[in-house]
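4 protein chains.
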Amino acid sequence: MSHIDIEITAESGLELLTNDEISRLSEHSKGGEYELFKKCVLAVLTSTQVTDEISFHEEQLKLFDIEVLQLNKGVKLKLKNAPAASLVDGKMIQGLKEQVFSVLRDIVFLKQELESNSRIDFNSSNGCTNAIFHILRNAKALRPGCDPNMVVCWGGHAIPEFEYQYTKEVGYRLGLRGLDIITGCGIGAMKGPMKGALIGHSKQRISNGRYIGITEPGIIAAESPNPIVNELIIMPDIEKRLEAFVRLGHSFVVFPGGVGTAEEILYILGILLHPRNKNTPFPLIFTGPKESASYFERIDQFIADTLGPEAQEKYQIIIDDPVAVARATQQGVLKVREYRKKNHDAYHFNWQLHIQWDFQEEFVPTHQNMAKLNLEADQPIHLLAANLRKAFSGIVSGNVKEAGIKEVAKHGPYTISGDVKIMSQLDALLEAFVSQKRMKLDADNYVPCYRVINPQSKSEPATV
Amino acid sequence: MSHIDIEITAESGLELLTNDEISRLSEHSKGGEYELFKKCVLAVLTSTQVTDEISFHEEQLKLFDIEVLQLNKGVKLKLKNAPAASLVDGKMIQGLKEQVFSVLRDIVFLKQELESNSRIDFNSSNGCTNAIFHILRNAKALRPGCDPNMVVCWGGHAIPEFEYQYTKEVGYRLGLRGLDIITGCGIGAMKGPMKGALIGHSKQRISNGRYIGITEPGIIAAESPNPIVNELIIMPDIEKRLEAFVRLGHSFVVFPGGVGTAEEILYILGILLHPRNKNTPFPLIFTGPKESASYFERIDQFIADTLGPEAQEKYQIIIDDPVAVARATQQGVLKVREYRKKNHDAYHFNWQLHIQWDFQEEFVPTHQNMAKLNLEADQPIHLLAANLRKAFSGIVSGNVKEAGIKEVAKHGPYTISGDVKIMSQLDALLEAFVSQKRMKLDADNYVPCYRVINPQSKSEPATV
Amino acid sequence: MSHIDIEITAESGLELLTNDEISRLSEHSKGGEYELFKKCVLAVLTSTQVTDEISFHEEQLKLFDIEVLQLNKGVKLKLKNAPAASLVDGKMIQGLKEQVFSVLRDIVFLKQELESNSRIDFNSSNGCTNAIFHILRNAKALRPGCDPNMVVCWGGHAIPEFEYQYTKEVGYRLGLRGLDIITGCGIGAMKGPMKGALIGHSKQRISNGRYIGITEPGIIAAESPNPIVNELIIMPDIEKRLEAFVRLGHSFVVFPGGVGTAEEILYILGILLHPRNKNTPFPLIFTGPKESASYFERIDQFIADTLGPEAQEKYQIIIDDPVAVARATQQGVLKVREYRKKNHDAYHFNWQLHIQWDFQEEFVPTHQNMAKLNLEADQPIHLLAANLRKAFSGIVSGNVKEAGIKEVAKHGPYTISGDVKIMSQLDALLEAFVSQKRMKLDADNYVPCYRVINPQSKSEPATV
Amino acid sequence: MSHIDIEITAESGLELLTNDEISRLSEHSKGGEYELFKKCVLAVLTSTQVTDEISFHEEQLKLFDIEVLQLNKGVKLKLKNAPAASLVDGKMIQGLKEQVFSVLRDIVFLKQELESNSRIDFNSSNGCTNAIFHILRNAKALRPGCDPNMVVCWGGHAIPEFEYQYTKEVGYRLGLRGLDIITGCGIGAMKGPMKGALIGHSKQRISNGRYIGITEPGIIAAESPNPIVNELIIMPDIEKRLEAFVRLGHSFVVFPGGVGTAEEILYILGILLHPRNKNTPFPLIFTGPKESASYFERIDQFIADTLGPEAQEKYQIIIDDPVAVARATQQGVLKVREYRKKNHDAYHFNWQLHIQWDFQEEFVPTHQNMAKLNLEADQPIHLLAANLRKAFSGIVSGNVKEAGIKEVAKHGPYTISGDVKIMSQLDALLEAFVSQKRMKLDADNYVPCYRVINPQSKSEPATV
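Residue numbers (the numbering used here), protein chains in the order written: chain A, 20 to 483; chain B, 20 to 483; chain C, 20 to 483; chain D, 20 to 483.
Because the hints were derived from the structure by calculation, they are not lab data.
One or more hints might be untrue.
Chain copies aren't distinguished; within one or between two, either way the pair holds.
[Said to hold, decoys possible] Below, in silico cross-link-like pairs of lysine-lysine (PhoX-like), each with a Cα-Cα straight-line distance of 25 Å or less: (1) Lys297 - Lys99; (2) Lys57 - Lys99; (3) Lys360 - Lys110; (4) Lys57 - Lys420; (5) Lys110 - Lys425; (6) Lys159 - Lys130; (7) Lys58 - Lys222; (8) Lys222 - Lys420; (9) Lys360 - Lys95; (10) Lys297 - Lys95; (11) Lys391 - Lys110; (12) Lys456 - Lys360; (13) Lys49 - Lys95; (14) Lys81 - Lys57; (15) Lys95 - Lys159; (16) Lys58 - Lys420; (17) Lys97 - Lys361; (18) Lys110 - Lys95; (19) Lys354 - Lys49; (20) Lys130 - Lys297; (21) Lys222 - Lys99; (22) Lys425 - Lys81; (23) Lys222 - Lys95; (24) Lys391 - Lys297; (25) Lys99 - Lys81.
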């Protein structure tokens with residue numbers, strides 16, 4: 020891969036900064052945020068291949084350099100050793116340029132702006148929701164007055180081709196219905212729905228389709244945002260990212276995935292099971308191709324066994340029928356519209372939904388935190404869901420996040436314990452993920468990063 | 020395939036008609052044009068599959084019915100037994116609706132409008148060019164004041180997958196450079212560049228990319244316009260269609276194809292070799308993947324042998340390098356821009372290019388007309404090119420057009436004769452097409468529709 | 020007034036012409052249409068003063084020259100000795116440029132285009148309406164899909180300041196309600212409503228307000244279109260102009276005026292009284308300031324006496340209340356909307372309204388034609404209205420149109436005769452106009468161009 | 020004047036607020052800001068008359084009430100006893116609604132937002148400029164990438180009709196050249212240029228003309244923003260308002276006025292005379308009709324006598340020639356463009372211009388502050404200009420601002436003293452203003468609010 024130096028001028032709302040802001044930006048970008056900023060920008064710039072996603076090497080990252088220039092006219096970035104493929108005839112591809120400035124906006128600018136604002140408070144539930152609104156507003160992701168049409172698609176990045184094709188087909192059917200897409204902005208089930216929707220929109224002559232990718236610093240550097248993403252938003256951590264999804268989306272489609280997808284499912288069930296959210300319409304569909312039916316059977320069984328029928332009522336499973344998924348999604352969106360209209364609620368942000376502090380606070384998956392998770396049966400189901408969510412979150416971290424991988428390398432697998440029956444079901448589910456090769460891209464050599472303390476487990480010796 | 024009845028209201032400039040116009044339209048659509056109109060609309064409506072192009076059956080055509088309704092408010096179409104796949108939740112897909120009304124506009128409305136205009140005259144060279152301008156203007160395809168950026172892509176519809184991928188890759192590189200695409204609007208090399216450009220445009224955040232498909236009644240019913248086409252234009256016959264390409268385009272890329280592609284190449288060379296066009300810049304690139312290099316070697320050889328080095332100077336061959344093709348195309352476009360600017364010429368229509376009457380008059384490939392083609396060596400090369408073009412045109416007709424196929428079935432293959440050396444080269448070229456399976460989609464059972472009268476030919480017995 | 024030479028390039032839909040069209044345009048503009056074309060363009064170019072309307076002198080017209088240049092790129096106009104005030108720093112004011120090309124479009128281009136179209140037929144009622152649609156469509160004045168909001172304002176050009184202020188105030192109130200304005204495009208009651216609406220629109224932040232001026236060659240040269248007019252349309256003669264008003268407008272407001280206004284009133288009453296238009300909603304309001312109340316009392320009396328109460332039901336008189344006028348107008352527009360919606364009728368053109376041939380055929384006010392007008396009482400009232408309209412039309416011509424003035428100078432005043440009672444009322448009305456100084460701008464020296472044969476008339480001697 | 024209750028929903032960037040922001044807004048609006056907020060909104064709502072500007076009475080203000088409602092959907096205002104003339108058929112006029120929300124944005128929302136931002140610092144020169152940028156950016160008044168075209172027009176509100184007509188004519192000529200207008204947003208010379216430009220823009224078919232009114236709380240309640248203003252910005256005090264003018268504008272036109280205009284002239288001269296601004300192009304034109312020539316002669320003399328020829332070089336005086344003013348303005352704008360382009364400077368904000376702290380700090384015109392102003396001759400001229408500016412500022416306050424009027428009522432006229440020659444010239448200038456009736460609208464009964472300590476003054480006794 021060849022490299023090149025280039026200067027680019029601001030986008031994404033950074034066209035208008037005071038001299039002080041630019042100066043702080045410049046300083047900040049050289050300081051503590053520098054490495055993260057560089058990583059994220061390089062991730063964006065290496066996503067340019069049409070047919071494949073090649074991530075960058077450490078070597079590249081060392082060579083790559085980025086400098087924030089201060090002009091009276093605004094901010095300019097000077098990139099050194101940027102991947103040449105991000106340019107066309109000496110000019111950076113517009114979509115990538117926008118994504119680069121989204122990184123600057125969210126990683127560097129926003130961070131220090133939030134710090135300077137005494138009203139921003141991530142340490143309370145209400146403050147957290149307000150801060151998320153701030154970030155989304157600053158990214159111009161909130162559009163008042165527009166009819167609800169945002170579909171959040173969740174699912175794995177390491178999925179087989181036939182599942183990818185299915186996500187694309189569903190996206191196509193959603194796009195034909197004028198629906199926009201939000202995903203986690205990587206590959207697999209995060210890319211397929213966008214690609215499909217792009218074709219659907221194009222056939223319906225919709226030229227302003229939105230393909231929103233919401234990511235977080237711990238993930239973006241590993242998973243390049245796919246190039247269809249035309250609105251890239253980087254939330255501070257996984258909890259804020261998950262909240263951004265549910266506040267922004269009007270309907271939710273979950274494709275097969277691994278532990279990350281399970282985390283998302285438990286997250287949303289935990290919220291929906293809270294008594295205050297009982298009556299809020301929240302369309303939630305699990306779907307996959309025929310061949311993946313067993314995946315959702317497994318998940319459904321796990322939910323039935325751990326959280327019970329009340330939880331099962333919160334979602335609908337549709338197998339191998341993209342048109343039915345699209346129709347159900349659209350009907351769900353219409354119900355949301357009606358409900359918010361009746362309640363004089365905003366279309367652009369789901370203020371009504373109650374999210375407990377437990378779901379908002381950053382969960383740091385240390386061995387200690389993982390070990391002391393309360394996974395006993397004698398607690399309200401929305402709390403059990405919350406804790407199961409954390410367990411899955413820890414496993415995701417141990418699988419793919421830099422920090423988690425290091426922890427596990429140092430201290431061995433996480434220990435998770437709790438109610439015997441729940442442990443047994445959890446163990447079975449994780450085992451199924453392993454055998455379905457849903458844990459990591461390099462599935463054949465997967466070594467589990469967790470150990471379920473469950474006397475009945477047949478697989479225990481294998482996980483050590 | 021399920022069917023459905025539906026009513027749709029006017030688009031494509033047919034929103035505003037006088038009562039008389041609607042009444043004539045309605046009458047006309049029931050009269051002589053009815054069958055053609057039906058066929059074309061059905062062709063449009065059966066192009067909705069994402070992954071494959073299924074053409075319709077005779078049976079379907081019989082069931083399908085279309086009626087023009089006259090309202091004070093405008094024109095409405097009533098479709099009976101339309102393919103259900105053309106609808107989403109009871110509403111016709113916008114892109115298809117626009118294409119349907121483009122058919123109505125060009126096949127029914129325009130035809131009778133041109134008849135009523137005493138100034139339209141298809142029987143002179145100048146009149147013909149003016150009429151083509153009329154048709155393109157009526158289709159809103161001419162946009163004054165826009166910088167030149169239209170790339171015409173020619174090539175076969177029956178091409179192997181790796182050639183298709185190559186056309187897509189070239190289209191992607193053109194799209195990244197902000198160039199728009201014009202093709203013959205079917206599959207293969209007519210679809211690939213559009214699909215690639217769509218992705219390229221999307222990455223550059225160009226939301227108003229143009230994907231123009233120019234077709235003609237004899238072809239559209241057999242080759243559904245692909246759904247990316249957002250401007251469908253139906254010219255009266257193949258000669259007008261070819262002229263529309265060269266008047267509208269600013270740069271020309273030719274991919275591998277069969278006889279049809281050879282016809283296009285001879286057509287454009289015949290024009291460029293005319294002394295009056297000597298100084299007009301006209302970027303013309305032949306390109307294909309590595310594996311198809313031999314195809315253009317063959318063509319190049321044929322041109323060298325029959326028309327000589329002057330003809331060879333008119334084009335450039337680039338093998339297996341999409342980026343180089345895109346760059347050369349863009350440079351060509353800039354040269355065209357400069358030239359027209361200097362000469363106070365229009366950007367939107369190539370008035371300067373001289374096209375002889377010979378290239379404009381409809382050539383009807385009867386056995387008699389084919390037999391009496393002058394393919395002798397003792398004529399100006401631009402006339403020889405013109406006659407060779409007609410020979411290829413006849414073979415295309417005998418291969419895939421309804422009328423030609425019937426003629427050949429009745430009277431046997433066409434006879435083509437002329438200068439011994441030219442005949443021998445023509446024979447060799449055609450033979451190569453046959454052996455490269457470039458003659459028809461069902462290549463293995465191809466029975467030639469022509470006979471080259473060439474004493475040296477080894478292949479002659481095979482062609483009988 | 021200083022003069023200047025300038026070249027301007029095409030607008031108003033003339034950007035895209037075939038070479039043949041430009042060539043015919045160029046020829047035509049030098050031929051029979053030359054004088055008329057020049058006059059109209061000069062009229063447009065002399066309307067640039069902010070505070071006053073200065074018409075041009077014969078001397079200026081002689082010096083002024085206009086040439087249509089043919090470029091491959093399109094059409095260009097070369098103006099010699101154009102009024103310098105039409106330019107700002109060497110560039111023609113955009114609004115004037117657009118108006119100049121509207122003149123070219125309607126006077127030169129359209130004329131010859133209509134001639135070349137065998138389907139255009141001004142000699143039948145239906146053909147006439149279709150031709151009017153053609154002209155309006157060509158001028159892009161028809162906009163399908165827009166909600167009805169066009170208010171036609173009629174009234175005199177030679178009105179006192181307080182009446183002018185009143186028309187402005189009414190226009191302001193209409194503009195505040197988002198209504199657009201159509202007038203005859205000169206000064207007085209044709210300018211006031213536009214100026215008022217401009218301010219109203221600006222306060223409502225409506226930036227695309229339409230100020231349509233519909234004129235005809237016999238009038239435009241004498242009455243410069245005021246500079247607010249952003250859509251100038253020139254109909255072939257007074258009858259087509261009147262029909263264009265009623266087909267295009269959704270609501271009608273009549274301000275005080277002279278014989279011309281009376282002509283308009285009789286014209287519309289004649290149409291509305293036709294049995295076929297009985298149920299068509301057609302909002303028609305007569306309004307003026309307190310001081311002008313007597314004007315409409317006089318008109319109302321005349322209608323009562325000649326056409327009777329059925330005619331009086333067709334309109335509403337509102338004195339000195341601009342807000343009430345605006346409200347009634349808007350309610351009328353809403354009724355029209357409902358009615359057309361229910362009847363699947365177009366919003367952009369009133370196809371439903373039946374207009375008799377009598378109202379469409381050009382009435383040439385020769386002495387003979389005026390003398391033989393049937394103004395007897397024993398005919399259907401809609402026919403009587405039609406004939407009274409013609410009588411007024413003749414008087415307008417004798418007052419202000421070049422042809423009429425010459426006729427009267429040669430043969431003396433027109434003679435009008437008929438039913439004794441009607442003649443007496445007509446006589447009284449005309450006398451009132453004379454005494455109210457509504458006949459001509461130079462009111463004090465007015466010499467009537469007509470003679471009402473009415474034995475009871477006290478004023479007869481005076482009119483000779 | 021009748022009154023009415025109404026609810027209106029947010030505009031001006033307040034469509035998207037967090038629940039916390041709305042809640043703070045609601046609280047704030049009831050608290051300390053309530054009276055000011057009410058006053059300003061009422062000022063906006065009473066500016067609806069076309070022909071005249073009626074300010075509101077104390078009585079009205081008491082009846083009038085305004086409440087900020089908090090909805091999940093956003094913010095809503097509930098107005099009680101609003102002037103009925105601000106509504107059309109029950110809906111508030113869009114332009115007024117926008118202005119009302121601009122008041123809310125700048126008076127209530129912005130204030131508390133700035134307070135919460137630890138980076139905003141009004142106590143340093145750089146901080147002040149950054150804060151002004153913040154306010155303008157928040158009002159969306161900064162548009163990066165647009166060519167310079169903003170003309171600041173200064174001049175009196177209490178001017179005779181012929182001067183008003185002149186400002187309108189100049190505005191018309193500026194508008195014809197595509198220039199936008201910034202004024203202080205009241206009547207007189209603040210309204211005329213906008214009204215003229217509106218007509219000029221309309222003739223040039225410019226539909227997005229900008230008419231920016233920059234005001235401050237101490238003035239807006241007394242001077243309603245005129246209804247043409249389509250961007251209303253309220254700066255915290257007179258110094259910030261003056262800085263906003265010079266940072267935003269590209270060219271400056273000064274019409275005749277009174278002490279306020281003199282203050283503006285001294286302000287800008289003080290800045291331009293600072294050595295660091297020596298080379299910055301800053302087009303500054305003083306202009307008025309023939310009859311007002313003496314006004315600028317007087318001012319020019321005063322500047323010559325006090326600040327000298329260096330100061331006189333900073334401006335150009337053009338008498339009675341609107342076209343020359345417009346041309347000079349446009350040339351000035353082009354020079355600014357060139358200069359900023361060359362220096363890579365922003366077009367949207369004049370960062371380069373150095374403004375001393377002395378011009379930024381709020382000057383509170385107490386008797387003590389006025390008395391101790393250093394008006395001696397032995398100081399750099401840019402400092403003398405700064406102090407003279409303060410003297411004029413105090414007189415404006417004593418004339419028309421609530422606080423100043425009270426001070427003077429209590430303690431008698433301000434005392435101004437200094438260099439004998441300067442005092443004498445100041446005295447003469449002020450006297451001229453009094454005799455030209457430029458001090459107050461009610462000019463005949465003007466009682467001076469100042470006393471120039473100048474032994475030579477003949478007028479001294481009169482000012483007591």
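Legend entry - Identical-chain pair category, Lys297 with Lys99, by Cα at 25 Å: neither (53 Å within a copy, 38 Å between copies)
Inset, instruction - Up to 25 Å between alpha-carbons, please classify Lys97 paired with Lys361: within, between, both or neither. - result: So Lys97 and Lys361 pass the 25 Å test across copies only (20 Å; inside, 51 Å).
Legend entry - Intra/inter-copy verdict for Lys58 and Lys222 if alpha-carbon distance must be at most 25 Å: So Lys58 and Lys222 pass the 25 Å test across copies only (21 Å; inside, 37 Å).
Inset, instruction - If the cutoff is 25 Å on CA atoms, where do Lys391 and Lys110 land: within, between, both or neither? Let me know, please. - result: Result: close neither inside a copy nor across copies, 53 Å intra and 55 Å inter.
Inset, instruction - Please work out whether the CA atoms of Lys49 and Lys95 approach to 25 Å or closer within one copy, between two copies, in both situations, or in neither? - result: Only inside one copy: Lys49 and Lys95 sit 14 Å apart there, 43 Å across copies, limit 25 Å.
Legend entry - Copy assignment of Lys159 with Lys130, given that the CA separation must stay at most 25 Å: Cα proximity of Lys159 and Lys130: in one copy and across copies (16 Å, 23 Å).
Legend entry - Status of Lys57 relative to Lys81 across identical chains (alpha carbons, at most 25 Å): within (10 Å within a copy, 59 Å between copies)
Legend entry - Homomeric proximity label, Lys222 with Lys420: Cα distance no greater than 25 Å: For Lys222 and Lys420, the Cα distance exceeds 25 Å both inside one copy (39 Å) and across copies (28 Å).
Legend entry - Alpha-carbon proximity between Lys360 and Lys110, which holds within one copy, between copies, both or neither at 25 Å: between (45 Å within a copy, 21 Å between copies)
Legend entry - Intra/inter-copy verdict for Lys222 and Lys99 if alpha-carbon distance must be at most 25 Å: between (40 Å within a copy, 22 Å between copies)
Legend entry - Homo-oligomer pair classification [Lys420, Lys57; C-alpha up to 25 Å]: For Lys57 and Lys420, only the intra-copy Cα distance (17 Å) is at most 25 Å; the inter-copy one is 55 Å.
Inset, instruction - Please work out whether the CA atoms of Lys99 and Lys81 approach to 25 Å or closer within one copy, between two copies, in both situations, or in neither? - result: Answer is within: at 11 Å inside a copy they meet the 25 Å cutoff, but 65 Å across does not.
Consistency note: the structure conflicts with the earlier hints numbered 1, 5, 8, 10, 11, 12, 19, 20, 24.
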